[in-house]
Amino acid sequence: MPEPALLHLDHVSRRLAGREVVSEVTFSVARGEVLGLLGVNGAGKSTTLAMVAGVLRPDSGSVQIGGDDLREQPELARRRIGYLPENVPLWPELTVREYLDACGRLRGMSHAARKTAVDRELLRLDLEGQANRLSGQLSLGQKRRLGLAQALLHDPQVLVLDEPGNGLDPIQTAQLRELIRGLSAQRATIISTHVLGEVEAMCDRVVILHAGRVRHDAELAGDRGALDKMFLQIAREGASKAA
Amino acid sequence: MSALSVARLDLKRLLVRPFAWTLAAIALGALAWVFLQNLNAFLIAQPKLAANTAGPGYTDLVAVPHLLAYVQLCLLLAPLITMHAVAGERRAHTLPLLFAAGLSPARIVLGKYVSALLYLWALLALVALMPVLLARATTPDWGQFGAALLGCALCVAALAAIGIAASASSTHPAVAAIAALLIVLVLAMLDTGGHLTGLSVGWLAYLALPTHLTPFMHGLVASVDIIYFLLLIALALGFAIRRLAAEKVRG
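Residue numbers (the working numbering), protein chains in the order written: chain A, 1 to 243; chain B, 1 to 251.
Only chain A is shown next, with the shape it has when bound in the complex:
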């Protein structure tokens, strides 16, 4: 029997600057599942994830976590969602440990819980040696790992990662993929990307988003060529329409 959906988006739409960026998007993610949100630049991936994380409010439709509507209970975001935006949000003047401690405090964690969680995430993300360095002085890969650490600090049920592999070298990318696969067992994970290889390496299911609409939603089959072809076809269709 399949796991019930932990995260469900129901006909979510959103306009930005007078343009419909996300239109009637519907999909679900179950516990233990990694969903890849695939799309070209400007497809509406980041806007969709921002709505899932409670950063943007949908114009219509609903985002439900475990059956509870995020709009009616915004506190849900605080407790159940871990979010890593495309641009890693850092306060460069704080050390890595201070940064994580501040993130835990903002999420209402107690002193003892913060200390345990910060130590756990520093160890898990291999940042122990950087704990007392200023976060602004870290390399891009370390910043990404720190961003992931803040998203995991409160042990969220839903993990939302916006283009987590951007700007990483091949070794860092491989490490990140392994890490995300390891983290996904107990939670619902969504990853947005425009790189097909990332979806194939990390995800169980793929949703192709184009011009704000869901164009494909299916489990990843073994046939890599078919998905590749479909993605390119959808992207080209959009490009020719735009032309």
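Treat each hint with caution, since some may be false.
[As the list claims (entries may be wrong)] Reference listing, derived: stretches of chain A covered by chain B, where coverage requires no fewer than 3 residues with Cβ under 8 Å from a Cβ of chain B:
1) 24-38
2) 49-56
3) 84-92
The hints are simulated quantities; they were obtained by calculation from the structure and are not laboratory data.
Backbone N, C-alpha and C fix where the C-beta goes; we use that ideal spot for every residue, glycine too.
Please build the complex by placing chain B on the supplied structure of chain A, with the hints as guidance.
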């Protein structure tokens, strides 16, 4: 609790930057110099002043002008301290982190306001300490000094709120600082034209900051002046909250 967490975080970030310490050092150094100048002028005038028992004393000539000088400095200091509050978060892409932590715009704005206010009030306390240190050598009018201190605290709180509002509506901290500086200068000089020409400027004078600060400096605490500052704070913070809430709605 969340607003306090934001305040604590902001204060920590403010205090690890050399900028805040440099500003504090310059402000305190300048005010110490002003204090010594005022004190020197008071000591020179002392023989004449001693002859008039009802004339101005240490509080009128040294302590209160010293506090007023801090308020005047805050016309520049408050915009500089608050410019990063929201505009800086926006620029560093850290606002989504605050929203994703479930913080409401009101809590974010209040937290940032409290941190800026604590910094400015801490400086005010140090500034007020200078005339207080000489209290044993003279006879200050504690009532007048207390009223002046209350007026300064309220005025500085209003300036900080205006700074936060300007920061909430800008994407660049420098633009926020300039906008806040212009607003506070307009409020500070709204009735200057009337004073210079001798004409009555009516309600414009009522809106001017000095109209409501001057009575405090003379030792008069009127509820109308307190309400003016509280309204100004509420309006500015309300605007900042609306601006931040709109960001969540409009993107």
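How the hints compare with the structure:
1. 24-38: Answer violated; 0 residues pass the 8 Å Cβ test.
2. 49-56: Holds, because 5 residues of the stretch 49-56 of chain A bring their Cβ atoms closer than 8 Å to Cβ atoms of chain B.
3. 84-92: Satisfied; 7 residues make the cut.
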